[in-house]
Structures are given as C-alpha cells and as structure tokens.
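Visitor: The task is to assemble the complex, starting from two chains supplied on their own in separate frames and drawing on the hints.
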Amino acid sequence: MKPSSFNYHAPTRVEEATALLAEHGDGAKVLAGGQSLVPMLSLRLASFEHLVDLNKVDGLSAIERVNGHLRVGAIVRQAVAEHSADVAASVPLLSKALPHIGHFQIRNRGTVGGSIAHADPASELPAVALALDATIEAAGPGGTRKIAAADFFVSTWQTALADDEILSAVEFPVWGPGSGFAVEELTRRHGDFALAGAVVGVQVSGDTVTKATIGLFGVGPTPLRASAAEAALLSGADAAEAGKVAASHISPVDDIHASGAYRTQVTAVIVRRAIEAALKEARS
Amino acid sequence: MSDEVVVKLNVNGRDHKVLVEPRKLLSDVLREDLHLTGTHVGCEHGACGACTVMVDGAAVRACLLFAVQVDGSKVVTVEGVTPTDGTLNPFQQAMQDCHGLQCGFCTPGFVVSMTSYLDDHPNPTDDDLKIALSGNLCRCTGYRGIINAARTAAGLPVPANAADGSDH
Ligand SMILES: Cc1cc2nc3c(=O)[nH]c(=O)nc-3n(C[C@H](O)[C@H](O)[C@H](O)COP(=O)(O)OP(=O)(O)OC[C@H]3O[C@@H](n4cnc5c(N)ncnc54)[C@H](O)[C@@H]3O)c2cc1C
Ligand code: FES
Ligand code: FES
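Chains as they are written, first to last, in this note's numbering: chain A, 1 to 284; chain B, 285 to 452.
Same shape as in the complex, but just chain B (with noise of 0.2 Å):
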C-alpha cells in the first residue's frame, strides 16, 4: 500500500479535507468518503457515463480521475445542480415530464453532463443533443424520453411522434 495523502475538495460549495489513497477514485472519494451517493458507478472504466460530474466547470467522469488529481478544485456533483429553492433545473424538470427515467442508475451522468453542456451550448441543434447525449448509457429507456427532456430543456419541439419511439 502506498502512503495516504491530504486531498482538499470543494464540493458543492463545501471545503472537504479527505485522506486517502492516490489510487482511490474521485467517484469512490465522493461516494464513500464525502458519502454524496448520487454520484453512480456503472462501468467503471469510462464507458457508461453514469459517474459524471463537474471538475472546475467541466463534465467529466469521475472514475478516470484520482481524488489526487484534482487536489484544490471545485467540484459539482448531482446533488449540486439544483437551485437552492427546491425547485429542479430546467433538464431535471423535463427529464421528469418526459419520463426520462426508469430505474434512474443512469439519470445523474445524464443530468449533470446535460446541465453542463445546455449551460456551456444555450442554442444546440437537435443533432447537437443527440451528439452531446451519446456519452451516457441508459439501459431502461431506450433513450426517447431523456432526448425528449434534452430538447425541452433546450427550447427545441419535441416532434409528434418521439414519444412512442416509432421515428427511430
């Protein structure tokens, strides 16, 4: 084993101090050190998209990253997307009017990469959401009703027939 070392995180806009191992995850440091479950961890070696979340402003995944590595950032998990009043945000709301989950394992990754991207991209096409949700894996849906809450999200119609699958 190799020596601990001191990680400090800003989570959520809280400072966390942690001791850990350098070949410890971000995605196990948040889940099981900072207890923030809602982080997922599907594959865990970067396929599915589940452990997303924010380092300094950008959506990665979690479990390509040691908790070393990121050593003094600003990180945002599911837990801190939501406005402060209780409300959702405009993705999480229309993931829930178009019934953009089942189980719900896969939603966080969903959530938090297209938070981040709707707020980097105001304006995509609808070409463009499908290319941005192409980084998440959902094995329930069959993807209809999460593009849907994509193009709600984004001010785009949601055409008539996508909500049976038929145009696919």
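Only chain A is shown next, with the shape it has when bound in the complex (with noise of 0.2 Å):
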C-alpha cells in the first residue's frame, strides 16, 4: 500500500522543527530513519498530516566526548556509529550491538536516536541505553532537558517524551579500564528482531566483579534491567547462576514468534553466556 498523503516539513534548526510540532500537535510526526515510521505508514497503521524531517537539521549529526559521555546526535546513521573509531573505543556495548539492528541497507538510513526514540521492547539500543545508564536529552519549543534512560522507555513504542519535543542526542557514561562488554541474542534469521536478547557490562579488578550491568530486551513491554542478576554478580555468583536470577524475575508473555516460557529459557541462557563474554572481555 501507500501511505497517505502528508505535508513534508524539512526544518534545519532544532527550534524549526520543535515549532512545527508544537503548532500541529499529535497531527505531526517526526521522521528519521525512516526504517520504523515509513513501513508503518505504507502498512496505514499509522498516518499523519505533518511530518517533520529531521535528517536536515544542524547540529543533530555529532559524535563527540563530553564530561565522561559520549554524546551521539540524534540522527547520526546506525551504520556510522557502528564503524566510529570513538564509538569502538569509549562505548563498546554500543558498538558490540549496532550490527544485531537489520541488516547493512538499514543501518545505512536508521538512526540511533530513532532507534531510542521508537523504544521497540525488542530493539537492542534502549537496552544498551537503560544498562548503561545513559542520559536522553529531550529538546522542546522552551529549550532541552535531560531524562534518565530508567525513566525514558514508559512502555511498547511510549517514551518520556513530549508530543513537541524531539530527542536532540543520546549521553552515554564511558566505562574505565578493566571493563568488558557482550551482546547476545536469539533471532530466528539474522537481522530479526530479537525473541529474546541481553547485553552485558562488567569491570572486574582481579577475579573481582566491581561493577556488573544487564540489560533484556524482548522480554518484557519495555527493555529492563537485570537487578538482581546484576547484585547476584556483584556478590560472587557465577554466569550460570546470574542467568537463572534474572529469568527467574521476568514474565515475558506469548505471542505468534515464542512462547513466554521459551523466552524465560532462553534468557537464562544469554545472559549466562553474555556475561561469560564480558568477563572474559574485562579480563583479557
């Protein structure tokens, strides 16, 4: 099908296009990517009578180290963030997941803000966001705020974003030495989205875990962290044992691609087997 028929706003400030979003409301949309918003438009399961191009905005397109984070703009292409040297170098985890998004013609138009900004519970870069702790920052016609990932994905493809406010960048706290990283999911073919899927941070010193974070995504309405697998870590219990605490704490429900059960299975086994990665990782 074709979507129908909109007015294109192409603005190239920050303050334009917030402007236009705040004139028409939730009749507006902003685009990015596309690689979400167009199909669900062809599919007319969405249409809007605005839509509010991003991808000629200024400013929106660095990738740059700030106090201790590294600020991603929001329309920079998953694909180039995926072969940045900084990113590579100050945001493993970032890195690690990129490629699990689709596949290469995807990431060369999809965005990391849209990816964040669409908050699909079975995406891998607001897991990265929530494990990581990353900081969103919101920008709206009186100016930009900050929000916490914890507080950012509200539910299923709902954020804490105002209908008037894009999400300008992405902050994520850059980790020290003796850190190591992993991605693992379960896709039926690759480039799926995930039935189920983890990523993992830990800093060790010694055969000491100092710092653990995980994160799940497409097991639950939002991605969600691991807490008690993260603090069963931190107190000595291995990657096998993690794992089944942090099945143990999800309810993942049934749908046509798994059974709720399977993908509380199959957790426990990612997340075991991400955290033996990271560890090994940390300690290499």
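It should be emphasised that the hints constitute simulated quantities derived from the structure, not laboratory data.
Do not rely on the hints blindly, as some may be mistaken.
Some but not every residue of chain B turned toward chain A, in silico, with C-beta under 8 Å [as the list claims (entries may be wrong)]:
hint, residue
1, GLU305
2, ALA342
3, VAL344
4, ASN407
5, THR409
Even for Gly, the Cβ is constructed at its ideal location relative to N, Cα and C.
Guide: The structure is reproduced here in structure tokens:
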C-alpha cells in the first residue's frame, strides 16, 4: 500500500522542528531514518498530516566526548556509529549492539536516536541505553532537558518525550579500564528482532567483579534491567547462576513468535553467555 | 492531497526533475516517473530488499524513502551498476555463472546490495558474505547459487558440495 498524504517539512534548526511539532500537535510526526516509521505509514498502521524530517537539521549528527560521556547526536546513522572508532573506543557495548540491527542497508539509513525514540521493546539500542544509564536529551519549544534512560522507556513504543519534543542526543557513560561488554540474542534469522536478548557490561579487579550491568530486551513491554542478577554477580555468583536469577524475575508474554516460557528459558542461557563473554573480555 | 513538490535527482549519471507528492516513495518515482523499472517492489515495507538502490553511495531501501527526502542526491539503480562497455560487473557475471537467479524478481536488489557491499568490503569472509546477503529475500533459488555468486565475486572458494545445497 501507499502512505496517505502528508505535508512535508524539512527544518534546518531544532527550534523550527519543535515549533512545527508544537503547532501541529498529534497531527505531526518526526521522521528520522524512516526504517520503522515509513513501513507503518505504508501499511497504513499510522497516518499523520505533517511529517517533520530531522535529516537536514543542523547540530544533530555529531559524535563527541563530553564530561566522561560519549554524546551521540539523534540523527547519527546507525552505520556511521557502527564504524566509528570513537564509539568502539568509548562505548564498546554500543559498537557491539549496532550490527544486530536489521541489515546493512537498514543501518545505512536508520538513526541511533530513532531507534531509541521508537522504543521497540525488542530493539537492541534501548537496552544498551538502559543498561549503561545513558542520559537522553530532549529538545522542546522551551529548551532542552535531560531524562535518565531509566525514566525514558514508558511502555511499548512509548517514551517520556512530550508531543512537541524531539530526542536531540543520547549521552552514554564511558567506562574505565578492566571492563568488558557483550551482546547476545536469539533471532530466527539474522537481522530479525530478537525473541530474547541481553546486553552486559562488567568491570573487574583481579577476580572480583566490581561493576555489573545487565539489560534485557524482547522480554517485556520495555527494555528491562536485571538488577537482581547484577547484585548476584557482584556478590560472587557465577554466570549460570546470574542467568537463572535474571530469568526468574521476568514474565514475558506469549506471541506468535515464541511462548513466554520459551523466552524465559532462553534468557537464562543468553544472560549466562553474555556474562561469560563480557568477563572474558574484561580479564583479557 | 498535499501540494506537489519539485524533486531533482541525478540517477545513473543523468539529471532529472520530477513533480511529485511528498508521499511518493523513491521506488515509485524511479519506476513510474523515470521508467527505470529495474528497481523492483516486493513487500513495500522494508522486508525483502528487492527495491535496493544506492543513494549518495550507500545501499538503501528505496521503498523506505520519500523521493522528496533525497532531493539533490545521486542515485544508482540496477540499470547503473553495469560497466559502460556492455559487460557485466563481477557480481552480475558470477550470478550468471553460479545460477544465482530463477524468476529474477529479487535479482536487482541482490545485485545493487552486493555491488555496493563488495565495493566497500573487498576482502570479506564467508560469514561476512552470508550476513551481507541477509537483507535480501529470494523465493526461488534457495540462496545456494546467490551465496556462491557472492563467494566467486569476492574471490573466495566455493565449497565442493555447495552446488546442491547439501551443506545446509
Ligand atoms: C527489515 C528491518 C529490520 C529491522 N531490524 C531491526 C532490529 O533487528 N533491531 C532494531 O532495533 N531495529 C530494527 N529495525 C528498525 C530500525 O532499526 C529503525 O532504524 C529504528 O527502529 C528507527 O530508527 P529510524 O531512524 O529509522 O526512525 P524512524 O523510522 O524515522 O522513526 C521511528 C519512530 O521514532 C520517532 N523518532 C525518530 N527519531 C526521533 C527523534 N530524534 N526524536 C523524537 N522522535 C523520533 C518517529 O517519530 C517514529 O515514531 C529494522 C527495520 C527494518 C525495516
Ligand atoms: S520492496 Fe522495499 S524492501 Fe521490499
Ligand atoms: S529468483 Fe525468484 S525471487 Fe529470487
């Protein structure tokens, strides 16, 4: 099918974009990479009178180090972040998650900010943002505000952004030496959304795990933090035990792709694998 | 209906100017306005890859872009990936040699994707090729011939048992 008619706006400044959103309310929608929005328009699952394209907006496409964080502008293409040496050096978990998104043609167009703003619970990047305690910068008509990732993901496809706000950047904390990261997911085919996935970061000092974070995706209405499993890891549990703890705290629902029970069982295994890989990297 | 807009595109080296509604997809402008019907439209929602073209050097889904968004861009379609002397490019030739197509519906998408991929990645591994091919669907071939074509174009060996599909 074809999308229904809309008025196309291509502002060049953030203030213009947010003014358009404020003016048109829920009749307007932001267009970034279009890799999720355009299918929804073409399938007529959604229609809007106004599309506000962010692709020509100045100042949204930089990757830079600020105050111990890596700041990634909203419209940085997923492929650009994937191949960025800065991202690989400062936020390895993001580099490792990006190749799991769809296919290279999708990542050539899809944006980092778009994936996080879209907030699909089976997506990799929202889980990375949550696990790393990233800060999301929102720009609205009145200026910008910062939202902790823990407060950003409200429900499936729902975020803390107001109708007249755009996500302008994401700031990922940079971890110190002795850390390791891993992404594990189960998909039917390469590039599919995950049936269940885990992102893990650990920092070690000798044999002791001093810092641990575990984010889960595909197993709830939002990405989830496996806090109990993180605590277990910090108090000496091994990867398999922590995996079981993570699985015991989730209750994914059944859908056409997999049953909730299957997703729970898979979560125990992929969390274990991701912890093992992250520890191996941290100790190498 | 919203107002039509002027979109300028350079497609396969030629400049074009079209007047289209903002909702018109790049895939439809190529096919309907420019009569470049080599770009195929399968699913029209990003799943199959039949519509793949290069925009400013990057392979993308033409069905997930509004033409108005790429005003001023350089587009290369399957009609534009062939050398001017009338020969086929290495992946196209390998597709012929390895029987990488049957009905041919998916072929333009594979050709544009892999032409772009192999330009950017001259030394891929076998696994890299399989992952790179994962963004295009084919309902006929079972992929064996297509994977072998990619291997051949990349200068990788084609396993002895790979012709009959028995290695998968
Ligand atoms: C075949 C295929 C496979 C895919 N596989 C995966 C996968 O495995 N994992 C995965 O995570 N994703 C996958 N995707 C989705 C892809 O990653 C999208 O790029 C991503 O979900 C949305 O990013 P986008 O830039 O394309 O945003 P768009 O599609 O332009 O926008 C998506 C939504 O977010 C909103 N939005 C976008 N940017 C902003 C912003 N800066 N501020 C406010 N709102 C904004 C839009 O209004 C819209 O509602 C796949 C897509 C396809 C077509
Ligand atoms: S027609 Fe564009 S991906 Fe299927
Ligand atoms: S050859 Fe028929 S779809 Fe691929």
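Visitor: Run every hint past the structure and note whether it holds.
Guide: Here is how each hint holds up against the structure:
| no. | hint | result |
| --- | --- | --- |
| 1 | GLU305 | holds (7 Å) |
| 2 | ALA342 | holds (4 Å) |
| 3 | VAL344 | holds (5 Å) |
| 4 | ASN407 | violated (16 Å) |
| 5 | THR409 | violated (14 Å) |
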